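Student: Spelled out, the chains give:
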Amino acid sequence: MAMHGVPQGILNPPPPPKAEEVEGSSKLGMAPGTIILVFVFLVAFATYYFTNWKLLSFLWQVG
Amino acid sequence: MKDFRTCATTGLKVHRQADALIKANAVVATVALLVGGLAAILVLLTRWQAIHLLDAIPFYRWLTIHGMNMLIFFIIFFEMAVLYFAGPVVLNSRVPVPKLAWASFGLMVIGTLLVEWMMFAGRADVLFTSYVPLRADSWFYLGVILFAVGALLVTCIFFASLVVAKREKTYEGSVPLVTFGGLTAAIIAVITLAHGAAIYIPTYLWSLGIGNVDPEVYRMVWWGLGHSSQQINVAAMVACWYLLGALTVGATVINEKISRTAFVLYILFISMASAHHLLVDPGFGPAWKIVNTSYFMYMAVLASMIHGFTVPAGIEVGQRLRGYTKGMFEWLRKAPWGDPGFSSLVFSVIVFGFVGGITGVTFGTEQINIIAHNTLRIPGHFHATVVSGTAMAFMGVTYYVIPLIFRKQIAFWSLAKIQPYLFAGGMLIFSIAMTFAGTFGVPRRHWDITFANAPFDLQFSPAVDLLIGVTAIGGLLAALGGGIFILCTVTSVFFGKPMEEGAAV
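Protein chains in written order, with the numbering used here: chain A, 1 to 63; chain B, 1001 to 1505.
Derived by calculation from the structure, the hints in this document are not laboratory data. Quick caveat: nothing in here was measured; it's all calculated off a predicted structure. Glycine is no exception: its CB is placed at the ideal position from the N, C-alpha and C atoms. Be a bit skeptical, because a hint or two may be false.
Unchecked claim - Ranges of calculated distance between the beta carbons of each label pair, as one might list FRET restraints:
(1) A:ILE36 / B:VAL1291: 45 to 55 Å
(2) B:ALA1463 / A:TYR49: 19 to 29 Å
(3) A:PRO13 / B:ILE1418: 31 to 41 Å
Stated by the list, open to error - Sample of chain A residues at the chain B side, in silico, Cβ under 8 Å:
(4) PRO7
(5) GLY9
(6) PRO13
(7) PRO15
(8) MET30
(9) ALA31
(10) PHE41
(11) VAL43
(12) TYR48
(13) TRP53
(14) LEU56
(15) SER57
(16) VAL62
Said to hold, decoys possible - Cβ-to-Cβ under 7 Å is the rule here; a few derived chain B residues that face chain A:
(17) THR1325
(18) ILE1410
(19) LEU1476
(20) LEU1477
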């Protein structure tokens, strides 16, 4: 718990993890939650991008 | 050595001159935030047609004041503080030329005061972009030039501090990632300020009646300043993300090489992104526009997406290494949400990426830009990037700068804890509602969208009134959050309780 007026990261700094435990891209599998968030982002991105092309198609009608 | 103190929290040797320069720059940045925030409320209450507070000329005056204070003075003064932190402080080094550093700070303050004077006197109602042939008083342009020269000198001092630290062996191995991010911001700043000099010096001479400035050339070169300055923000903001992640939850850097490569992508490609401001300009061919905005710009977007992945992944890995391993999201649920540094970090990443990033890339497409250009969709986008992203990250860092650098406790701590929620929530509502209003074709920068007394009649969908009202409510919530931030930080710095012995020295 943070003391009044001082952020937790200063009062109780997180202990540093061992370097060998975190180095290297092979550890990407240790972040499955982030992978899910990334896919949510990509779906939102694709939806917004497609919607804008759809809106444009209402203005630029072919045929 | 009496020139240094040692921080009990981080163990860093802090040069007292760096300490003082960080404080000075942060205080001026906060004053600019206050002025720009007050201007924001006036602009907001005018664009809300139900209130329509100001007449046309005061509206454009306050809009100019809002843009300059928020996009230039607040952000760049804070970035100067970030450079003094990312250079001398993080590297345990010293400010190489303190007198020049203070002279540069003085130059920036004089430039700021000149610009403020011109804007408040009504002699520079030219908006943030100051597009030629709109002409402000020549003191306005001189003020901008002095400010830019001061900022350029600080950037050079930052480069010099890296050399000094290397030569005096104050660190081992490569520079830390935060410093690398600062270096990226500094390099982009040089590119930005070179564009600024290239366009503001001729414009200054033009304002004195010497020579001429072509409006199209002005737009092209000016956006090399106007947009690139926001890319300094992005690089500095990402550096703050890594810093906040490490400070708040001990986030790890999952792959140093990937993160550093992403910063290099910013340096190489982000300046070309300025071309997306010219997508509907008649003076440039489609090949030039598409190469810059649909190829080069995407490399910079890729960099942001890499950081947008590595920062939360670093937080997740850091949390999992400390035991939060249950399910997919225990690491997120049990994160320190009551720490304003952490909540600011998360909101900054999410709103910057999901709202600012997605809309920005979409509007940067030439064809889509035609339906978005000069509508409220554009300020809806950049408020999500600059305000919800950069300003939010800077606010989060401030909650750590005050105890670590000013060595004061945060005043009104309960308010400080809810401040990021109010600010980010308000800005999220504001940005989304504004973007939707823009989808109906509502123009940006317009004093009166009812077009009263105009020789033509233009009616927007009734939904626009609702969306503008929601925009205003979101903006006022964010303004309340911004006001709380200023209240907490100013009170802490000038009247706050000193840090207790052992908490931080």
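Student: Now tell me if each hint is right for this structure.
Tutor: Against the structure, the hints come out as follows:
A hinted range of 45 to 55 Å is violated for the C-beta pair ILE36 (chain A) and VAL1291 (chain B), which are about 35 Å apart. Checking the proposed 19 to 29 Å range against ALA1463 (chain B) and TYR49 (chain A) shows it holds: the Cβ atoms sit about 23 Å from each other. Look at PRO13 (chain A) against ILE1418 (chain B): about 24 Å separates their beta carbons, and that is not inside 31 to 41 Å. Annotation: interface hint on PRO7 (chain A) holds; nearest CB of chain B at approximately 5 Å, less than 8 Å.
With its C-beta approaching chain B no nearer than about 4 Å, GLY9 (chain A) sits inside the 8 Å limit, and its interface hint holds. For PRO13 (chain A), the suggested interface contact is upheld, since its CB lies about 6 Å from the closest CB of chain B, less than 8 Å. Taking 8 Å as the C-beta cut-off, the interface hint given for PRO15 (chain A) holds, the closest approach to chain B being about 7 Å. At about 5 Å, the closest approach between the beta carbon of MET30 (chain A) and any beta carbon in chain B falls short of 8 Å, and the interface hint on this residue holds.
The criterion of a C-beta within 8 Å of any C-beta in chain B is met by ALA31 (chain A), whose closest approach is roughly 4 Å, and the hint holds. Evaluation of the PHE41 (chain A) hint against chain B yields a held restraint, the C-beta minimum of about 6 Å falling below 8 Å. Annotation: VAL43 (chain A) was flagged as interfacial toward chain B, and the flag is violated, the nearest CB pair being 11 Å apart, outside 8 Å. Contact between TYR48 (chain A) and chain B, as hinted, is supported at the beta carbon level, the nearest pair being about 5 Å apart and thus within 8 Å.
Taking 8 Å as the C-beta contact cut-off toward chain B, the hint placing TRP53 (chain A) at the interface holds, the least distance being around 7 Å. Contact between LEU56 (chain A) and chain B, as hinted, is supported at the beta carbon level, the nearest pair being about 6 Å apart and thus within 8 Å. Here the hint on SER57 (chain A) is broken, as its CB sits about 10 Å from the closest CB of chain B, past 8 Å. Taken as an interface hint, VAL62 (chain A) does not check out: its beta carbon lies about 13 Å from the nearest beta carbon of chain B, beyond 8 Å.
Annotation: interface hint on THR1325 (chain B) violated; nearest CB of chain A at approximately 9 Å, more than 7 Å. The interface hint given for ILE1410 (chain B) is met, as the beta carbon of that residue sits about 5 Å from the closest beta carbon of chain A, less than 7 Å. Given the 7 Å rule on beta carbons, the hint for LEU1476 (chain B) is violated: about 26 Å separates it from the nearest Cβ of chain A. For LEU1477 (chain B), the suggested interface contact is broken, since its CB lies about 23 Å from the closest CB of chain A, more than 7 Å.
When held up to the earlier numbered hints, the structure conflicts with 1, 3, 11, 15, 16, 17, 19, 20 and fits the remainder.
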